[in-house]
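The task is simple: from the sequences and hints, build the whole structure.
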Amino acid sequence: MEKQADNLIQDQRELHGRIARVVENMRKSGQGNITQGTVQSRLQKLETYWSKFELQHETLRHDYRELIKLHDYVKKDFYGIVEEAYLNQKATLLDYDAEFAREVAQANPPATPTTPRADPAASRSTLPRIQMPHFTGRYEDWPAFRDLFQSIIGRDGSLSEVEKLHYLKVSLKSDAEALIKNIPTTAENYQRAWTTLSEQFENKRLLVRSCLYKFTALTKMKAESANELRKILHSASSTVGTLESIGRPISSTDDLFVFLVVELLDARTRREWENSINDSQNPPTYSTLKRFLERRVQTLKAIQPNKSEIVASKSSDGSGRSARTHHLQKREGGSGRCSLCKKDHALMMCDEFRGKTATDRRHYVDSNHLCANCLGRHKMADCPSKRLCFVCSEKHHTSLHDAFRKAQAEADVVKTSHVAHGTAQRLSTVLLATARIRVADRFGNLQEARALIDQGSETTIITERLAQRLRLPRSRTTVAVFGVGGKQTGVAKGRVDLDVWARSDEVSTSTSALILPRLTGYASAADLPSDAWSHIEGLELADPDFASNDPIDVLLGADVYANILRDGLRKGSGLQPVAQKTVFVSVNFG
1 MEKQADNLIQ
11 DQRELHGRIA
21 RVVENMRKSG
31 QGNITQGTVQ
41 SRLQKLETYW
51 SKFELQHETL
61 RHDYRELIKL
71 HDYVKKDFYG
81 IVEEAYLNQK
91 ATLLDYDAEF
101 AREVAQANPP
111 ATPTTPRADP
121 AASRSTLPRI
131 QMPHFTGRYE
141 DWPAFRDLFQ
151 SIIGRDGSLS
161 EVEKLHYLKV
171 SLKSDAEALI
181 KNIPTTAENY
191 QRAWTTLSEQ
201 FENKRLLVRS
211 CLYKFTALTK
221 MKAESANELR
231 KILHSASSTV
241 GTLESIGRPI
251 SSTDDLFVFL
261 VVELLDARTR
271 REWENSINDS
281 QNPPTYSTLK
291 RFLERRVQTL
301 KAIQPNKSEI
311 VASKSSDGSG
321 RSARTHHLQK
331 REGGSGRCSL
341 CKKDHALMMC
351 DEFRGKTATD
361 RRHYVDSNHL
371 CANCLGRHKM
381 ADCPSKRLCF
391 VCSEKHHTSL
401 HDAFRKAQAE
411 ADVVKTSHVA
421 HGTAQRLSTV
431 LLATARIRVA
441 DRFGNLQEAR
451 ALIDQGSETT
461 IITERLAQRL
471 RLPRSRTTVA
481 VFGVGGKQTG
491 VAKGRVDLDV
501 WARSDEVSTS
511 TSALILPRLT
521 GYASAADLPS
531 DAWSHIEGLE
541 LADPDFASND
551 PIDVLLGADV
561 YANILRDGLR
571 KGSGLQPVAQ
581 KTVFVSVNFG
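Every letter in the sequence shown is one number past the one before it in full-length UniProt numbering, and letter 237, counting from 1, is 237.
Careful: at least some of the hints might be erroneous.
[To be verified] Per label pair, the in silico range of CB-to-CB distance:
no., residue 1, residue 2, range
1, D156, T196, 14 to 24 Å
2, R21, D344, 27 to 37 Å
3, S276, D156, 44 to 54 Å
[As the list claims (entries may be wrong)] Derived BS3-like pairs (lysine-lysine); straight-line CA-CA distance at most 25 Å:
no., residue 1, residue 2
4, K571, K76
5, K343, K69
6, K386, K90
7, K379, K343
8, K395, K76
Just so you know, the hints here were simulated from the structure itself, not pulled from any lab data. The C-beta atom is built at its ideal place from N, Cα and C for all residues, glycine as well.
Here it is as structure tokens:
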């Protein structure tokens with residue numbers, strides 16, 4: 001196992017060298033031999049290298065996480081170093097490609113029309129330059145991106161097809177970028193690339209689904225708040241606007257949409273809403289609700305000063321801080337120099353920074369008001385990066401992990417939960433009580449999972465894998481989980497409300513479940529002599545395949561044990577397992 005990880009890391013280092021030398025190797029052939037075709041072939045080769053690097057990185061991250069967490073590959077953020085090299089190489093190649101495109105356009109100017117006509121670019125020359133947004137592949141963002149791109153680029157007659165394709169590619173990120181990244185940047189491929197995007201994202205069914213999913217993901221207001229109410233108003237208005245723009249107005253479903261929005265409001269705002277429509281017996285329209293919410297937001301803003309006003313009233317030097325913050329933000333956009341050594345590279349690539357201890361690195365980041373997640377010059381709350389720590393998947397930079405882990409260890413644990421079952425090596429063949437159950441996801445659909453029934457556990461626990469599959473709303477919590485002998489086996493960072501059903505769909509129970517990355521290493525012996533257990537013949541078993549090594553995704557603890565237990569116990573002879581009747585029919589253990 002260790003040798004395989006070492007081989008993968010060595011492969012990653014070799015790929016780093018290849019990625020970092022793409023432009024250098026191209027220039028070795030001589031400036032006169034570099035053509036647009038040469039640049040595009042190097043771009044394709046660079047993408048091939050990067051794709052392989054990312055694939056192997058994910059393999060290391062998922063299969064060898066514990067083995068390499070103290071390796072320099074993780075501690076020195078090797079992924080971030082290679083990503084920076086990849087982006088620099090790609091930017092240089094794209095600049096070459098754009099220069100060739102401009103030369104082609106100048107060498108083949110469009111025919112001059114005999115009738116003078118207004119130049120759209122000239123007529124708009126006095127207006128501020130419109131910045132093209134990046135499209136990442138979110139269906140709800142496609143209509144706005146499509147219309148803006150066509151207005152600025154697509155219908156601009158002064159641009160060649162190859163230039164339009166270049167601008168299209170640099171405007172795409174993430175999933176949208178991957179969709180056309182292998183299409184060569186040539187004039188004949190612009191329409192092909194645009195058609196590919198249109199066919200993928202001009203999907204009304206998925207647009208409606210994405211739009212409504214985003215709206216239904218809103219959480220209910222806990223108390224009166226101008227900001228929370230404004231968030232609900234903006235989301236509702238955005239949903240209505242998007243649906244209207246794709247020809248699916250809510251005019252025929254006003255009643256349902258009004259009901260869904262009102263259900264998100266806090267108790268006092270709902271009372272005010274009911275008072276405002278009390279003199280009418282007709283169902284209110286969404287327009288009426290929108291006007292009420294707009295007035296309500298203004299009222300709450302007037303009686304609840306915002307945070308900046310409160311800070312200004314408490315601090316005599318607030319204006320000075322504001323000026324310094326503004327200055328830092330300007331420098332962030334205009335300079336890529338390292339804030340520590342002042343050289344021309346990112347902080348994460350600075351040898352002086354990487355030479356510090358994790359504690360010193362975090363102290364430097366905090367004292368210089370840098371983002372602890374990406375090391376940028378902005379607040380962590382405003383960080384646009386979705387990348388998390390490679391070691392623990394928390395929101396901080398991998399190079400700061402040890403400092404955050406130390407701080408977490410020194411902090412008081414909020415809660416504790418004891419679990420009787422652990423992952424210690426089995427001393428003999430033991431059959432634990434398992435059941436095939438069904439749990440409800442956020443849409444009410446029932447999904448099958450394998451559960452371990454452990455009355456020695458204080459609480460119910462599910463795996464992170466199942467939590468993501470169910471997509472249930474989760475609340476943040478910090479709970480230390482202890483096993484046999486008081487040994488801490490993990491820390492839960494979230495909790496969900498779980499509805500558990502028997503396979504017959506006749507009986508269900510509800511509980512609150514903690515979320516852990518993994519539960520147990522329990523594996524049943526493959527040679528259990530179940531055909532010799534005459535006392536369970538004819539019983540319907542909760543886990544018919546109890547001898548399988550299917551993973552355990554749910555641990556049902558003492559909080560639900562009494563609810564699932566039923567009268568009925570069958571004992572065998574000697575060391576044969578016991579069969580206990582439950583709501584999941586009979587479970588075997590012993």
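Any hints this thing doesn't respect? Which numbers, in order?
2, 4 and 5
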